[in-house]
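Undergrad: Top to bottom, those sequences are chains Z and E.
Here numbering that gives the first Met the number 0 is used: the first residue of the first sequence is 0, the next is one more, and so on.
Here numbering that gives the first Met the number 0 is used: the first residue of the second sequence is 0, the next is one more, and so on.
It is worth saying that the hints were derived from the structure and are not from the lab.
Ideal Cβ placement from N, Cα and C applies to all residues, glycine included.
There may be inaccurate statements among the hints.
[Claimed, not checked] Residues from chain Z that face chain E, not an exhaustive set, calculated with beta carbons under 10 angstroms: (1) S18; (2) K82; (3) G114; (4) L191; (5) V197; (6) I219; (7) T223; (8) M238; (9) L353; (10) Q354; (11) R355.
Protein chains: 2
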Amino acid sequence: MNELQIKGERAKEASYFLSNVSSKQKEQALLNMAQSLVERKEMILKANQLDVENAMSKGISKSMLDRLTLDSDRIHAMANGLKQVAFLQDPVGEVLSMSKRPNGLQIGQQRVPIGVIGIIYEARPNVTCDAAGLCLKAGNAVILRGGSEAFHSNQAIVSILADAVSASGLPKDSIQLVEDTSRETAHALMKLNEYIDVLIPRGGAGLIEAVVKNATVPVIETGTGNCHIYVDEFCEMEMAKAIVLNAKTSRPAVCNAAEKLLVHENVASTFLPLVAEALREKEVEIRGDEYVNHIIDDIVIATEEDWHKEYLDYVLAIKVVRHIDEAIAHINQYSSHHSEAIVTTNYHHAQRFLQRVDSAAVYVNASTRFTDGEEFGFGAEIGISTQKLHARGPMGLKELTTVKYIIYGDGQIR
Amino acid sequence: MNELQIKGERAKEASYFLSNVSSKQKEQALLNMAQSLVERKEMILKANQLDVENAMSKGISKSMLDRLTLDSDRIHAMANGLKQVAFLQDPVGEVLSMSKRPNGLQIGQQRVPIGVIGIIYEARPNVTCDAAGLCLKAGNAVILRGGSEAFHSNQAIVSILADAVSASGLPKDSIQLVEDTSRETAHALMKLNEYIDVLIPRGGAGLIEAVVKNATVPVIETGTGNCHIYVDEFCEMEMAKAIVLNAKTSRPAVCNAAEKLLVHENVASTFLPLVAEALREKEVEIRGDEYVNHIIDDIVIATEEDWHKEYLDYVLAIKVVRHIDEAIAHINQYSSHHSEAIVTTNYHHAQRFLQRVDSAAVYVNASTRFTDGEEFGFGAEIGISTQKLHARGPMGLKELTTVKYIIYGDGQIR
Chain Z
0 MNELQIKGER AKEASYFLSN VSSKQKEQAL LNMAQSLVER KEMILKANQL
50 DVENAMSKGI SKSMLDRLTL DSDRIHAMAN GLKQVAFLQD PVGEVLSMSK
100 RPNGLQIGQQ RVPIGVIGII YEARPNVTCD AAGLCLKAGN AVILRGGSEA
150 FHSNQAIVSI LADAVSASGL PKDSIQLVED TSRETAHALM KLNEYIDVLI
200 PRGGAGLIEA VVKNATVPVI ETGTGNCHIY VDEFCEMEMA KAIVLNAKTS
250 RPAVCNAAEK LLVHENVAST FLPLVAEALR EKEVEIRGDE YVNHIIDDIV
300 IATEEDWHKE YLDYVLAIKV VRHIDEAIAH INQYSSHHSE AIVTTNYHHA
350 QRFLQRVDSA AVYVNASTRF TDGEEFGFGA EIGISTQKLH ARGPMGLKEL
400 TTVKYIIYGD GQIR
Chain E
0 MNELQIKGER AKEASYFLSN VSSKQKEQAL LNMAQSLVER KEMILKANQL
50 DVENAMSKGI SKSMLDRLTL DSDRIHAMAN GLKQVAFLQD PVGEVLSMSK
100 RPNGLQIGQQ RVPIGVIGII YEARPNVTCD AAGLCLKAGN AVILRGGSEA
150 FHSNQAIVSI LADAVSASGL PKDSIQLVED TSRETAHALM KLNEYIDVLI
200 PRGGAGLIEA VVKNATVPVI ETGTGNCHIY VDEFCEMEMA KAIVLNAKTS
250 RPAVCNAAEK LLVHENVAST FLPLVAEALR EKEVEIRGDE YVNHIIDDIV
300 IATEEDWHKE YLDYVLAIKV VRHIDEAIAH INQYSSHHSE AIVTTNYHHA
350 QRFLQRVDSA AVYVNASTRF TDGEEFGFGA EIGISTQKLH ARGPMGLKEL
400 TTVKYIIYGD GQIR
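In isolation and in its complexed conformation, chain Z is listed as follows:
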C-alpha cells in the first residue's frame, strides 16, 4: 500500500467511528480544535513564514501571496469559524420521511454522513481549517490535499487539529493531509474510489477542470461563476444601477460577482449611459457589442470569448437584447449556471426568468452577490456547486451528508 491507500484506509476506519458519535462529542471536538489553533498559533505562523519566504523567492503573484499569508488575526478568524460550526445544528440522524407499506414494512430515509471526503485546493491555508471543521461536524473523515505553496502551513494546521480531535476522544485520522504534493499523487487521489466517497475541488477554473477530467471518484464541481444581470424593459433604473454596481464592484474576484450585463433595447439608450458612468467611477472596464458601442464611448468590442469568460476583475461585458427570451437563451448558452438576476417590475417577466433560467440561483431584483452559504442562512459553506447532481448552489452541512433507507420489518418476504 502506498501513502494514499494507507491514508484512505485510515480515513474509512475513522469515518465509521465518526458516523456514530454524538453531536455533543463533535461540538466539543470542534471547540477544542478552535482553542488549540489559538494556543499553538506560533507554530502555524512559523510554518507559514517558511511558505511565504519560499513563495516570494519563486515570485508568486501579489494576490496569491495575500491568500497564502497568515497572521494572528487570520488564525483567530479560523478559530472563530470553527466555533461557529461547532454550534450549528447537526444534520446527521434526521429521518426525512418514514411510511408504512401495505405489507407492514416501515421504510424510512435517514440522513447519514457521506463517509470520506477528499478536498483538493490551492494555496489558501484557511481552507484547510474550514473544510476540516465542516466535514467533522457532518460526521465525515476528510483527506486534504492543498497546494504545495502552503505545504508547511497546512502541515502545522492539520497536525494541531488532528491532535485536538484525538484529545477529544475521536480518531486522529478524521483529519489527514496528503504530504506528497506532486501532481501524480493528486491524480492518484482522484482515482481512490475504494476509500473516497466524494471529491470537492476548491479553487480556480483550471483546478476544477483537471479534477473533473481525471477523477473516477464522484466529484462536486464548484465555483466558476459567469454570472449575468438582465435589465428588463420594465424596471426601476436606480434599482437596476445599484444592483449592477453592487454585483460587479463590491468584490469582483469572487464567483458570485456579475460578469455580464444584458439590457433590453427599449431602455438601452437611457440606462446604458447611467450605468456606464457609475461603473467608470469605480474604474470598471466596459466591453460590449456593436449596439452598446453606439451608445457609450470608448468601450472594447466584446468577442465570442468574452461571453464565456469569468473575468474575476473590474471588467463587465454588456449586450443589448431585443426581448426577455433572447436574454434567457443567451444566459442558458453562455452561463456557468451559477447565479443570474433579472431587474424588472413586470410580474410575468419575473416568473418567466425564474422558471426558464437554468442556473443554481436565480434572482428577481437582487444582487447575485447573495449566493453564499452565510447569506442563505446555512451558517457556513464548503463551496458553491455549479453541477446538478447531489447539491446545487451553496453547500452547507446538509450537502455533506447522504441518506440511507432504514427498514423495520417483522418477517416480511417477497
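Go by the hints and put chain E onto chain Z.
TA: This is chain E only, laid out in the frame that chain Z set:
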C-alpha cells in the same frame, strides 16, 4: 460537429422546452407513447426478430437471448409501464422550502428537471422504453445508448416513441438513440459534459465499471448487489430460515438477492443444518468458512474472492461470526453497499445494525429482495444507486430531478 454533439445540442434544446411544459402535457405524451407502441408493435417485432437472428448466429448465451427477445406480451407490458408512469405524480415544480432572510430576501428551493440524461445499457430493449418514459415524466431529455445486439429493436422503439412525443406537441428530440454502437462512441458519450448532465449505466458490473472509469460526465452508479443477511444469536429460527430462502432463491439473478449469510456462532450448530437443508432442496450451492465446514457436509470452502463476489446464481457463501460487530465490520468491508438485513429479536442489536451498516438499504427482519422502486412505493424505478451522491437506493422520479434556488428580492444589494 459529430453525430453525438448534434444529438447533444438537440437534447439540450429539447430539455429547455420540456422543463416548462405542464404535467398534463407530459401525461398525454406518455399515454400516446403507450398507444403507439401497441399499434405499431409489428414494426418492433420485425426489428427484434432481426436482432434475435443475428444474436443466435453469434451464439449468445441463453439468458441474454431471453432478455433480448420481445413478443406481443412484452410489448404490452412496456406500454402498461408507460401508462403507469403517466399517472404518477409529477415531481417538477415543488418548492421544497422557502424562507425569508433578515434582509427581506425570500429564498426558496424548487425541484426542477435535471436536463439531459444519458443512459448506457445492454441488450434489454425494454430498458429503452422504461428509461425514456421516466426521463420524460420528470421533464428530462434522454439520450439512449443500448447494446449493439438490440440495435434494431431499440431503433424501432425509439422511432415510435419519438413520433408519439412529437405528435403530442413536445420536441421529437426529447428521446434520442445513439445509432453508432461502437465502443469509441460510447466513450465519447461519457465525456459529453457540454450537453449531458448525468449518465446512468444499467447493466452488469463490467459495464458499470467501464462507465465509472471513463466518464467525465457525472455518473450515478447502479446495481451491483453483494447483499448480506446476518442471523443474530437472538432470533426466531423459522423467520431467519424463511428470510434467507426468500432472499437467496426467489430470484437469484437480481441485484437485491442475498449472496452471503453471516451466522452468530451461538446459533450456528442449530441454524446451519436447518437452513442448509432448505437451501439444498432449492439446489443452492453452499460455500463456507472452516467453521461452517465443521457443521455442514459437502460444502465448498469459500476463498477471499467469494466474500467480494456477486454470484447472481444459486450459490450462497456462509460465514460464522463471534459477535454482531464482526458481522457489521465484515459487511462494511466486503459489501457493495446495496442491501443488508439482520434477523434478530434483540432491540439493541437491531438499532446497532441499522445505524452502523453503511449500505443503501438496511433491514431488520425482512428480506433484502424489497429494495426496489415498486416495493418502496415509487411506482417505477430507473435503477438502484449504490453510490452516496445525489441518490442512494431505488431511484424513482424524484431522483431524476435536481433543485434550483429561486430568490425574490426588492432591490437588495450586499
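Undergrad: Give a verdict on every hint.
TA: The hints, checked one at a time:
For Z/S18, the suggested interface contact is upheld, since its CB lies about 8 angstroms from the closest CB of chain E, less than 10 angstroms. Proximity of Z/K82 to chain E is violated relative to the hint, the smallest CB-CB distance being about 21 angstroms (cut-off 10 angstroms). Because the smallest distance between the Cβ of Z/G114 and any Cβ of chain E comes to about 7 angstroms, under 10 angstroms, the interface hint for this residue holds. Given hint, Z/L191 at the interface with chain E, is violated; its Cβ is 13 angstroms from that chain's nearest Cβ, farther than 10 angstroms.
Checking Z/V197 against chain E: minimum C-beta separation of about 6 angstroms stays under 10 angstroms; hint holds. With its C-beta approaching chain E no nearer than about 7 angstroms, Z/I219 sits inside the 10 angstroms limit, and its interface hint holds. At about 13 angstroms, the closest approach between the beta carbon of Z/T223 and any beta carbon in chain E exceeds 10 angstroms, and the interface hint on this residue is violated. Evaluation of the Z/M238 hint against chain E yields a held restraint, the C-beta minimum of about 4 angstroms falling below 10 angstroms.
For Z/L353, the shortest C-beta to C-beta distance to chain E is roughly 5 angstroms, which falls under 10 angstroms, so the interface hint holds. Interface hint status for Z/Q354: upheld, as the beta-carbon distance to the closest one in chain E is roughly 6 angstroms, under 10 angstroms. Contact between Z/R355 and chain E, as hinted, is supported at the beta carbon level, the nearest pair being about 6 angstroms apart and thus within 10 angstroms.
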